[in-house]
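Chain A is already provided as a structure; the job is to place chains B and C on it using the hints.
Chains as they are written, first to last, in my numbering: chain A, 1 to 466; chain B, 1001 to 1267; chain C, 2001 to 2393.
Derived from the structure by calculation, the hints contain no laboratory data.
Backbone N, C-alpha and C define an ideal beta-carbon position, used for all residues, glycine too.
Check each hint, because a few of them may be wrong.
[Unchecked claim] In silico SDA-like pairs for lysine to any residue, Cα to Cα no more than 25 Å straight-line: (1) B:K1206 / C:R2107; (2) B:K1236 / B:E1147; (3) A:K398 / A:D450; (4) B:K1037 / C:R2365; (5) A:K429 / C:R2107; (6) B:K1175 / A:E454.
[Claimed, not checked] The calculated label-pair distances, taken between Cβ atoms and stated as ranges, are: (7) A:D242 / C:R2341: 48 to 54 Å; (8) C:E2058 / A:K284: 51 to 57 Å; (9) C:F2121 / A:D193: 21 to 27 Å; (10) C:A2363 / B:N1139: 24 to 30 Å; (11) B:V1181 / C:F2121: 48 to 54 Å.
[To be verified] Derived, one-sided and incomplete: chain A residues facing chain B with beta-carbon distance under 10 Å: (12) P3; (13) E4; (14) Q6; (15) N9; (16) K114; (17) R115; (18) G116; (19) C125; (20) N438; (21) D439; (22) V446; (23) S448.
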Amino acid sequence: MRPEIQEYNYDWMMGSTLKAAAALPTGTKKETELTYRYIPYYKNVAQSFYSAGAPGVQTLELLAKYYENILTAHAQGKKICATTFCNSPVILYAMDIVPVTFEILTAIGAMVWKRGMFDYMDFCCETGMPETSCSSQRGAQGAVLSGLSENIDFVICDTPGVCDTNANAFAYLSEYLDKPFFQLNYPSCIGDDRSQKYHVDDYKEMIKFAERHSGNKLDYDRLAEVLEEVNKQDAMIADLEDMLMLKPTPVPPIYNLALYAGRFCFSGHPQYTKLLESMVKTAKGYADAGISGLKSKEEKLRVFMCYIDHYTVNVNFYNYMEERGIANVGSILSRNFRDNNLYVKDMPGSSYSVDMSSPEAMLDTIAQMNARLPMVRSIRGPYDKKGMWLEESLACAKMYNADCMIYNGTPGCRNTWGMVKPFARDIEKHGYPCHIMNDDAFDDRVESWDATRERLDEFFKVRGLL
Amino acid sequence: MNIVAGCDVGSLTSKAVIMKNGKIIGSHIIKSKPRPKDSADAALDGALAAAGVSKEDIKYCIGTGYGREKIEFVNEVVSEIKCHGKGARWMLPTAETVIDIGGQDCKVMKIDKSGNVGRFSANDKCASGTGRFLEVMANVLNIGIDELGKLSAKAKEPITLASTCTVWAQADVIKYINSGVSIEDIGAGINAAMSGRVAILVNSVKPEGDIFMTGGVAKNIGVVETLEKLIGRRIKRARKADPQIAGAIGAALLSAEKVNGNGRKVK
Amino acid sequence: MKVFNDAATRVQCDSITRWKKEGKPVVGYTCSYTPAEIFYAADILPVRLRGIETDGMEVGDTYFGPFICSFPKCILQLAGKGKFSFLDGAIITPGCDGMRRLDECWRKAGEDFDGIVPDYFYYFDVPHKSENHGMAWYIEEVKELIKSVEKHFNVSITNEKLTAAIKAFNKGRRLLNEIENLRSKDEIVVSGTDVFAATIAGTVMPRDEYTKELKKWVTALKKRKTSLSKNKHRVMLVGSISDEIDLFELIEDTNKAIIAGENLCFGIRYEGNEIKEDGDPIEALADHYLGTSVCPRMYGKYKERLAMLKERIERSQAAGVIMQNIRFCDLHGAENALFERDLEAIGIPCLRVEREYGPHIDAGRMKLRINAFLERIDAKNDHKLSEAVAVSA
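So that you can see chain A by itself, here it is in the shape it has in the complex:
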């Protein structure tokens, strides 16, 4: 790793950058213009968020708050848990543990920094991790492994059975730093009694582990409070989802990112509620006026990202969608599969419900919710089996009126690259043009953004979509 990078605490650097960016719009125009001169590269990123209006600034505030929590955790006597995006932070907030979600932190770094997370990703490889392992963890993980972040206290991941590279990254981290490790694992099916029971059994073990290593006993009254917040958030998410189905959709492309990033960081936390309120308000305004959420106000195409979005520097993927008049009707990361959503109607057994009537009911709620986070829900079994990726993608494409589907991931994504070719073929058979992006969502060194954009343009042109 370059020596100058080793001079800065990564969490502090990102946290203060985001905090400053969130505060900038509160200044006068002159102050803002002056500040832009000092941040020639970061300017574009900040402006992308500002141009999304109040929710854009709220997103920056939320991310800044997330870092603040990490940076102040130990001073407040809280433990820090390294975890993954598809493991809900709800339980951690209920137990007063501070989560560090690697994929989110990697995406933030990749989007706001000109050099992306290259140095940190490479540091993982310098310690011995294969360069073929997933970049989504490798970024933030590099900062942790190099000792440039806040120390983590223990590790929880929930991807064995779902994603090897993800689970492997966390297992490696725990061993490299000699930190306690817990893994939740998932069977290959979902919705049947046997797997539902497995979810709960496994989850109970996880709680025991978290209690042991945080020193905090799970307080069910506190859990009820957090779940109450989740309830509120889920209702707003369902509102946003309904609006995403409108044609034209009043929801701007970047809201998708804010929606799931917020959920992965702050599910059950009031900070996320604030962001959702602001997004719902703005989108409702557009919906009432019957206009598209795109800046051009002209929706030319509706794209369903059947896996993840693209997160490299300057938020360029979302800006590209704006430029081309493409509505982003969501990705595998957007959907939470709460039972109050329209899209779950055609998929029995796919959703979770919230029941706070007893501790047991709450445990069941949270275990089933966790089992329905992106990837752990539908990438766990063969893609064409009941409740899995094909069924989910087709249901969403239909519900959200998508014109086509796009797969984007990372070369580290063994669980999807293992079958995305036949998957895309099946999608095409159902009438949706499907494009497989060969890039890395977090690392422009695999395929430069220019090349990625060109390939997207080519797909839209060749298939007569734009």
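Showing chains B and C alone in chain A's frame:
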């Protein structure tokens, strides 16, 4: 009169060195031919001519490099990792870490006082951290490989290049040329991509002491300087000989050990 | 040994052909978590699926994406080329992401190539933990598998038959353990290549025939006097899945090394462990196949893995460890890095290499690294020797 030789048949170039009493009396580098045997013969002939001695004068010769098994005139073969370690220590007597970037391989090794290799690491399948990568890119830019190295210093805003795959990187470079990006920025991007790959390998062996670089790419100042920035350490230069022939020098030194009986017999 | 070599180097070896001629079914499986005893109990030949004999990758690459390990791709390639036409059934296991996707890729390839998917195609869902509910899940899976085999092949698999199967398999396990004992002696009389061939043979040959042959071979080995390990470095080979005799030969053909032990899937690894012969046979099978297995896919078991490796290094008196991982096998790749860190720290030289499996195998590149590694052990020994001389002087 102890005249010994070392011959290093690589994938891009072949090198031969003739040594007498610990001094180089002749060396020669050629572009490798399709058949390793022909490369070895031509390299040795050139070195013999330069030294003004004949093949019969050579007491012992060790072959190394990618084509080592096919060289006919050698007494034995040794891996190029060992030879580069030996050669590097001879060129820079304080060297403890050696970076060797060859045509199709990149290796980083730690060596002891006698130039014996300890822990080492070598690049994996792809060509993107090797001399071949630079050669392909220089061809696309239509410049010599030496010129490519000098571009980094003149660059204003180096491009970010797809660095995990040579073919994709090549496509990127062509695109940048067509869109009018300056050749300096492209060249610097190429050198940076190359250095980035090598830096991972260097840091993975946890370099100690003086770092020395061998192989043809050691002559690419752009890569060397970018690499220095990435690893945060100086890479020492030595003027004793061309770093590209370090492997052949190491082979000749091992030959000399054989003749002098200083070295322990190789099993 | 001839019969083992045949079994180890040909996908459809003679003993499989003979079995088929008797009109009896064959079921292939992909992972060491599948209890082969179940099939033995039903007079079905269990055959571990292999990737050897591939000469192209056009089928494998059509269905699998580019960033996938070449081992499952090779299995698919063979299936697409009809090389597994002897199979009446196949069991797919989520050993790793690459292997579990063989399920979809094979079935989807079957839409394009007639008759390449066996009639019986089963997904055996092995959990990633062996404690409590993990073990309970696995036992249920085993019971489900048994029911399904009984139904499809119209057989009955009773507990008595399972116990008999365990006993039959244990005979071979004991013999393999005897080979491990032989290899732990100061002088080794058998090459690593031969031992590996004999172990692979056990995953494809009818068990009774195998045990008989193995017994003969072990008896002969015990009488051997000529040491094959003199003046050679004893090394261990660990890492990603391998069923390639060539890889062992590549190392032993240097004439500078003998493979004194390995820790590979397909190898003796757990094959030398006996299974409990009394009590409930399904629980005994589960205890062995899930309970005692610590493959990196179980996540969080590194310390057990390291302890096991150290014990094997000690037992085999290995002077160095060669660690390989197939490209895109992150599980073994990352684990090898940790092994290297921890073993080098206690003075055990390690070589860590990434490689390809199958037709893309890059022997030249591998050979260079192996030779340099053996030269490194030479230098280390020379150093020790000169230190010893200095001390005695």
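Now the hints, each set against the structure:
1. The hinted pair formed by K1206 of chain B and R2107 of chain C fails the criterion: a straight-line CA distance of about 47 Å is larger than 25 Å.
2. A distance of roughly 21 Å separates the Cα atoms of K1236 of chain B and E1147 of chain B; the hinted pair therefore holds under the 25 Å criterion.
3. Distance restraint check for K398 of chain A and D450 of chain A: the Cα-Cα separation of roughly 31 Å exceeds the 25 Å cut-off, and the hinted pair is therefore not satisfied.
4. With a CA separation close to 19 Å, the supplied pair K1037 of chain B and R2365 of chain C stays within the 25 Å bound.
5. Between the alpha carbons of K429 of chain A and R2107 of chain C the distance comes to roughly 16 Å, so the proposed pair stays at or under 25 Å and holds.
6. For a cut-off of 25 Å, the pair hint linking K1175 of chain B to E454 of chain A stands: about 10 Å separates their Cα positions.
7. Separated by about 52 Å at the C-beta atoms, D242 of chain A and R2341 of chain C satisfy the suggested range of 48 to 54 Å.
8. Restraint check, E2058 of chain C to K284 of chain A: a C-beta distance of roughly 53 Å satisfies the suggested window 51 to 57 Å.
9. The hinted range of 21 to 27 Å is satisfied by F2121 of chain C and D193 of chain A, whose Cβ atoms lie roughly 25 Å apart.
10. Remark: the range hint 24 to 30 Å for A2363 of chain C to N1139 of chain B is upheld by a beta-carbon distance near 28 Å.
11. A hinted range of 48 to 54 Å holds for the C-beta pair V1181 of chain B and F2121 of chain C, which are about 53 Å apart.
12. With 10 Å as the threshold, the beta carbon of P3 of chain A comes within range of chain B, its nearest partner Cβ sitting at about 3 Å, so the hint holds.
13. Annotation: E4 of chain A was flagged as interfacial toward chain B, and the flag holds, the nearest CB pair being 8 Å apart, inside 10 Å.
14. The interface hint given for Q6 of chain A holds, since its Cβ lies 8 Å from the closest Cβ of chain B, which is under the 10 Å cut-off.
15. The interface hint given for N9 of chain A is broken, as the beta carbon of that residue sits about 18 Å from the closest beta carbon of chain B, more than 10 Å.
16. Residue-level restraint check for K114 of chain A holds (minimum Cβ-Cβ distance to chain B is 9 Å; threshold 10 Å).
17. Hint on R115 of chain A holds. Least Cβ distance to chain B is approximately 8 Å, under the 10 Å limit.
18. Because the closest C-beta pair between G116 of chain A and chain B is about 8 Å apart, less than 10 Å, the hint holds.
19. Taking 10 Å as the C-beta cut-off, the interface hint given for C125 of chain A holds, the closest approach to chain B being about 5 Å.
20. The restraint placing N438 of chain A at the interface with chain B holds, with a minimum CB-CB distance near 8 Å, inside the 10 Å limit.
21. At a threshold of 10 Å, the smallest CB-CB gap from D439 of chain A to chain B is about 9 Å, leaving the interface hint in force.
22. For V446 of chain A, the interface hint holds, since its Cβ comes within 10 Å of a Cβ in chain B; the closest pair sits about 5 Å apart.
23. Checking S448 of chain A against chain B: minimum C-beta separation of about 5 Å stays under 10 Å; hint holds.
The structure does not agree with the numbered hints 1, 3, 15 stated previously, though it agrees with the rest.
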